[in-house]
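Enquirer: Listed in order, the protein sequences are those of chains A and B. If you read the first sequence in our numbering, its first letter stands for residue 1, the second for the next number, and so on. If you read the second sequence in our numbering, its first letter stands for residue 1, the second for the next number, and so on.
There's no promise every hint is true.
What the hints assert, rightly or not - Here are the simulated lysine-lysine pairs, DSS-like style, with alpha carbons at most 25 Å apart: (1) K165/A / K129/B; (2) K6/A / K14/B; (3) K44/A / K134/A.
I should point out that these hints are in silico values taken from the structure, not numbers from a laboratory.
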Amino acid sequence: MNALPKLTATEARLFLREPAAWFFTVIFPTLLLVILGSIPGFRKPSAQLGGLSTIASYAPILVVFTLTMLAMNGVAPVLTGYRERGVLRRMSASPVPAWMLLGALTVLYLAVAAVSLTLVVVIGRLAFGVVLPKQPLGLLLVFLLGAASLFAVGLLIASLAPSAKVGNAVGTALFFPLMFFSGLWVPRAEMPSVLRHIGDFVPSGAATQAVQDTWQGHWPHAGDLATMAVFAIVVGTAAARSFRWE
Amino acid sequence: MAVIEVADLRKSYKDREVLTGVSFTVEEGEIFGLVGPNGAGKTTTVECVEGLRRRDGGTVRVLGLDPQHDRAELARRVGVQLQQSQLQEHIRVREALDLYASFYEHPRDPHELLRQWGLQDRADAEFRKLSGGQQQRLFIALALIGDPQVVFLDELTSGLDPQARRDAWDLVRQIRDQGVTIVLVSHFMEEVTALCDRAAVLDGGRIVACGTPQELVAQAGAESSLSFQSEVPLDLGAIADLPGVTRVTQDGPTVTVTGSDSIVDEVTGHLARNRQVVTRLRVQQSGLDDAYIALTTGGHQ
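So here's chain A without its partners, still in its complex pose (with noise of 0.2 Å):
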């Protein structure tokens, strides 16, 4: 059986002949770093983002930007129509279980972040000075546990939506409000403190906070590791009893 494997090629065909799909996760992050990282001024610390460059504050952003997107436009409204287009119900028909399209799709999406994540690093370093990561390990426990409790939402979505439509309506507008906590418009250093609290709560907050201190060297706080792990299991696994394979 060579399942997965195949069930994943066939599905990154899939999502590399949708270019909204490809746009947006990889090469629109990679796109702003390099439209903010022209303005001379961004490229400069800034007291404010305490002692960051804009650039530089902006990069974990954008990881986690990839990662929501991949969640709220990608697991929410892929699964909800798959569904409704029986797409899940002709799987379980077969003798790989349906469930095995929702493995492919996650190994998929967490590749397409990495792919973003690395050219987010590449370029912010060759074009921009940003410094590489310093705390890889941490990174990639951060940039797991991010994707987890990102994707967990998106698979809740999945579960109660009652149709496709739906399913994408919830995912695009949760977009927002998530971004939002992690600091698209105004970074999370500017925030009033109050939005920064509720940001440490919400998954992407957490996510580009810990992802922040990760590249500086720091590990991530507990709080953020926590705001993450409990999102990855508590929604996921209320996502997982309310899945619906029809």
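Fit chain B to the supplied structure of chain A, relying on the hints for placement.
Expert: Showing chain B alone in chain A's frame:
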């Protein structure tokens, strides 16, 4: 040998009883039809047999396996074409067949299936670009990719044009000739008459009749009718007394005789013996369509 044995199969959705004790057997190598009106429980029945749905009661054995407990083993040995399912929008025909081939230990050759089902020209087309008939043929090919011993075809020819439908029938016979047992869900009587060795008529969640298409017609007691015109007055009383005749009516010069299948021979024999010449002779023999209406609730409406 019975390949499928279903006894007293029951299934409810919430409070609604959908199957109220369905029993039938399917013999090895036959094409077995499951017919009935919409909502009769046909799809629920096959889905319980395939293991896609859990039954609430009764026993089901397919190739000696219980679909509920040995689902994984069963999935390797049966092929399924589902009603109203679709694939990923962007998946190509060839990719879909290759993908499903990778799910089985001894799959059939995808290229051969593409050719057999007339899809070789569309091998690189994305699913969303296929016509309804092409999607249907792809699903049939997917049902066969695992080289199954039993194939379930749910509304096989819906969406196919008349020529494609007849081609599909030929291919179904070919599948059977290779020793595969086929369960065909249909509400299309012509299909059942043309293809099935035996069929069960399902109505209101139970089997109301089961047998060969000919037996179903006989069992339904559906009537044949014979009409003709005569220039001279006939002794209608004598015709009404013939065996099998239930009714004789006259409308102007046209006489209509209704009764069992045998009345055609009886009436024409009677007219010949009495040297009575009639014109515009029309025979309407009952078929499975009539039997179906007579057997299902459609007949009471």
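Enquirer: If a hint holds in the structure, say so; if it doesn't, say that too.
Expert: Now the hints, each set against the structure:
1. K165/A / K129/B: Holds: K165/A and K129/B sit about 21 Å apart, inside 25 Å.
2. K6/A / K14/B: violated (38 Å)
3. K44/A / K134/A: Holds, at about 19 Å.
Violated hint for the displayed structure: number 2, the only one.
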